[in-house]
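Enquirer: Protein sequences appear in the order of chains A and B. For the first sequence, position 85 (counting from the first letter as 1) is numbered 85 according to this note's numbering, and the numbering increases by one without interruption. For the second sequence, position 207 (counting from the first letter as 1) is numbered 1207 according to this note's numbering, and the numbering increases by one without interruption.
Possibly wrong hints are sitting among the right ones.
Claimed, not checked - Computed list of lysine to aspartate or glutamate pairs in DMTMM-like fashion (alpha-carbon distance at most 25 Å, straight line): (1) A/Lys70 with A/Glu340; (2) B/Lys1080 with A/Glu340; (3) A/Lys301 with A/Glu395; (4) B/Lys1066 with A/Glu337; (5) B/Lys1009 with B/Glu1163; (6) B/Lys1073 with A/Glu395; (7) B/Lys1073 with A/Glu296; (8) B/Lys1066 with A/Glu143; (9) A/Lys301 with B/Glu1087; (10) A/Lys144 with A/Glu395; (11) B/Lys1080 with B/Asp1116; (12) B/Lys1006 with B/Asp1116; (13) B/Lys1066 with A/Glu296; (14) B/Lys1079 with A/Glu340; (15) B/Lys1066 with A/Glu302; (16) B/Lys1079 with A/Asp297; (17) B/Lys1066 with A/Asp297; (18) B/Lys1080 with B/Glu1111; (19) B/Lys1080 with A/Asp297; (20) B/Lys1080 with A/Glu52; (21) B/Lys1079 with A/Glu398; (22) B/Lys1073 with A/Glu143; (23) A/Lys323 with B/Glu1134; (24) A/Lys56 with A/Asp32; (25) A/Lys301 with B/Glu1134; (26) B/Lys1073 with A/Glu39; (27) A/Lys56 with A/Asp76; (28) B/Lys1006 with B/Glu1087.
Unchecked claim - Here are the in silico distance ranges between beta carbons for each label pair: (29) A/Glu143 with B/Leu1136: 44 to 54 Å; (30) A/Glu49 with B/Leu1136: 19 to 29 Å; (31) A/Ala396 with B/Leu1136: 36 to 46 Å; (32) A/Val17 with B/Glu1158: 28 to 38 Å; (33) A/Gln329 with B/Ser1242: 47 to 57 Å; (34) B/Ser1014 with A/Glu143: 48 to 58 Å; (35) A/Phe133 with B/Glu1111: 44 to 54 Å; (36) B/Ile1086 with A/Asp44: 55 to 65 Å.
Derived from the structure by calculation, the hints contain no laboratory data. Beta carbons: idealized from backbone N, C-alpha and C, even for Gly.
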Amino acid sequence: MSTEIFAVPDDRGYFGVFGGRFVPETLIAALDELNSAWERFRHDADFQEELEGWLKDYCGRPTPLYRARKLEAELDIKEIYLKREDLAHTGAHKINNTIGQALLACRMGKRRLIAETGAGQHGVATATAAALFGLDCEVYMGEKDIERQAMNVYRMELLGAKVIPVSSGSRTLKDATNEAIRDWVTNVGDTHYIIGSVVGPHPYPAMVRDFQRVIGVETRRQILAINDLLPDVIFACVGGGSNAIGIFHPFLEDDLQLVGVEAAGTGIASGAHSAPLSAGRPGVLHGSMSYLLQTEDGQIKEAHSISAGLDYPGVGPEHSFLKDTGRAQYISVTDAEALEALRLLCRVEGIIPALESAHALAGVMLEAERLRDKVVVINLSGRGDKDVATLANLEAGEGK
Amino acid sequence: MSRLEKKFKQLQDSGRKGLITFITAGDPDLEATCALVETLAAAGADVVELGVPFSDPLADGPTIQKASGRALKQGVTLKKILETVIEIRRRSDIPLVLMSYYNPIFSYNLERFVADAVSAGVDGVIVPDLPLEESLPLRNLAAGRLAVVPLAAPTTAEARLQEIVAAGSGFLYYVTVTGITGARSDLPPELTATLDRVKKIAADLPLAAGFGISTPEQARLVGKHSDAVIVGSALVEIISRSGGGAAGRRELFDFVESLRRSLDAVAIPCVS
Ligand SMILES: Cc1ncc(COP(=O)(O)O)c(C=O)c1O
């Protein structure tokens, strides 16, 4: 495959036919401002050095690439490596993006941060960055997610952020994002909106990707140091797609397979899922053109996943592009399969993964047969402490 | 000359200010929408904007969000709204503009949408999440057949405003506040001066101002500095409170008539 096709997006924010800027006119000036700031600081040695410093000393990067030998034995796969984003500060990859964007907000002179959150991981990571840099912080969160991720709500408040419950629509991530955009439209002068994934209008999908690329850059260096060879396959879960694009991107031009795992909820056929790449069609939500769960009439459908961080009807435009070009493959696993994967990792490796990350492992389990003689990397995007209450409730419900 | 152009020409010739009224199509149901349009016209509205309900109306405040939700619960779709427009056109010649987020139109298929809208009797379309850079495909298909009304906001720079006006048709929708739709007790203090500046740049397109305007006094103030005033949430609020039946229509009529009277009291003719 030629290298140019992955030199995306273009200057209007298009990855092929996906991406763009489908937002109210009020936001265009702010997006232009953000884009020029990002264009400037991504090439600015001082900025990059400062960012690297925070990532290293504050976030604990590089995160380990851990060889999971017991998992290999259990699944009968040659080699499995876990990229341990669960060991990053605050417990997920989300911090890579929020530290980067908060630094950028400081440079732009914006003193107020807003964010949307589903699982609460991005909210916690934003609240953390706000505390670190002395910025005000408000986080929009669907009421349903506030219930199922109560611990993260408390963490955000402890960190000095205000959590604003969202009661509209499905009361999850999609609606929290609507509310955050409405806030930004209203307070665009002094506020920076930290989007938590590679979604939204240009330049967010490219900028968030660039902040998350550190995952793949490290993975590459680490695996080469261990094996002197690139892996055969990389698996990552896909909600908005930031941990996946973060680990995929530095490998796009290499000869290896990239697999994104979406949430199939109670099954694609049941209709209750969060798998727009597997079962949606292109449309516009939250500022960009991408695969979407929608009705025949173009209304956005409610997503479903046991994992709040994957419970979203859209996906980042670059993933739509990677799907259509065939550069990455997208599969989906059900709630039950993810739960089984989570329990397996706890049992054999002593690692409690986030429900989101458990989807990536479940994808490997599903395809174990064909992966027998392969070197596999799984992006373990976060830790599962936040999900323990959900699991306990489930088990109580199952009468275990 | 299109219905919209004719209307704005008439207004200009008579030195009157336009009154553009917004309601959400299908709230409380599509039959009521037909009757409500007639009420608006009878009370003195010059143009009616019909909102196409969308699941994720991110430029709208709670009033229109809820109306949108009510309409969607009724099973209202873009297709059914176009059928309703055909119905309205049997009885009324009032200029009709659809206000829709992009996805319902994109999902309908742009080409088919333009064809069906034109043949139903729609005069223009406003797409709040389709800025200049993204609107070219729709503008190309609509050229000369359907006005694609552009939006400008307080955050729009002057050079960009010129491009927006040059690409637009029908009228310029100037968003009066940095924010979302919804009735407000106070409009920005600098608004009238801004409108005067915008009017100079938008010399070739009628200037209509909306977002937040909810009283006859506000309408009069804004009308002095624009060609037309757009009122939405205040009307949707009445319908949500009093329904789309006789009582709601009565109340709506009285309120729109009060807006009309207030606008007609704007003495100065439209000077360019
Ligand atoms: C641990 C973890 N992984 C994955 C995700 C999904 O987001 P993305 O697809 O952007 O990585 C989330 C979102 O909350 C998360 O908390």
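Enquirer: For every hint, state whether the structure bears it out.
Expert: Results for each hint:
1. A/Lys70 with A/Glu340: Holds - the C-alpha atoms of A/Glu340 and A/Lys70 are around 16 Å apart, at most 25 Å.
2. B/Lys1080 with A/Glu340: Measuring from Cα to Cα gives roughly 46 Å; hence the hint is violated.
3. A/Lys301 with A/Glu395: violated (29 Å)
4. B/Lys1066 with A/Glu337: violated (37 Å)
5. B/Lys1009 with B/Glu1163: Measuring from Cα to Cα gives roughly 23 Å; hence the hint holds.
6. B/Lys1073 with A/Glu395: Measuring from Cα to Cα gives roughly 35 Å; hence the hint is violated.
7. B/Lys1073 with A/Glu296: Within the cut-off at roughly 15 Å; holds.
8. B/Lys1066 with A/Glu143: Roughly 17 Å between the alpha carbons, so the hint for B/Lys1066 and A/Glu143 holds.
9. A/Lys301 with B/Glu1087: violated (30 Å)
10. A/Lys144 with A/Glu395: Cα-Cα ~19 Å, so holds.
11. B/Lys1080 with B/Asp1116: Roughly 11 Å separates the two Cα atoms, so the pair holds.
12. B/Lys1006 with B/Asp1116: holds (22 Å)
13. B/Lys1066 with A/Glu296: holds (22 Å)
14. B/Lys1079 with A/Glu340: It is violated: about 44 Å lies between the C-alpha atoms, which goes past 25 Å.
15. B/Lys1066 with A/Glu302: holds (17 Å)
16. B/Lys1079 with A/Asp297: Holds, at roughly 8 Å.
17. B/Lys1066 with A/Asp297: holds (19 Å)
18. B/Lys1080 with B/Glu1111: Judged against 25 Å, a Cα distance of about 17 Å means the pair holds.
19. B/Lys1080 with A/Asp297: holds (10 Å)
20. B/Lys1080 with A/Glu52: violated (55 Å)
21. B/Lys1079 with A/Glu398: violated (45 Å)
22. B/Lys1073 with A/Glu143: Holds: B/Lys1073 and A/Glu143 sit about 21 Å apart, inside 25 Å.
23. A/Lys323 with B/Glu1134: holds (23 Å)
24. A/Lys56 with A/Asp32: violated (30 Å)
25. A/Lys301 with B/Glu1134: holds (24 Å)
26. B/Lys1073 with A/Glu39: violated (44 Å)
27. A/Lys56 with A/Asp76: violated (35 Å)
28. B/Lys1006 with B/Glu1087: holds (22 Å)
29. A/Glu143 with B/Leu1136: 44 to 54 Å: Given a distance of about 40 Å, which is not inside 44 to 54 Å, the answer is violated.
30. A/Glu49 with B/Leu1136: 19 to 29 Å: Given a distance of about 41 Å, which is not inside 19 to 29 Å, the answer is violated.
31. A/Ala396 with B/Leu1136: 36 to 46 Å: violated (56 Å)
32. A/Val17 with B/Glu1158: 28 to 38 Å: holds (32 Å)
33. A/Gln329 with B/Ser1242: 47 to 57 Å: The hint (47 to 57 Å, Cβ to Cβ) holds, given that A/Gln329 and B/Ser1242 are roughly 55 Å apart.
34. B/Ser1014 with A/Glu143: 48 to 58 Å: Given a distance of about 52 Å, which is inside 48 to 58 Å, the answer is holds.
35. A/Phe133 with B/Glu1111: 44 to 54 Å: holds (49 Å)
36. B/Ile1086 with A/Asp44: 55 to 65 Å: holds (58 Å)
The structure is inconsistent with the numbered hints 2, 3, 4, 6, 9, 14, 20, 21, 24, 26, 27, 29, 30 and 31, although it conforms to all the rest.
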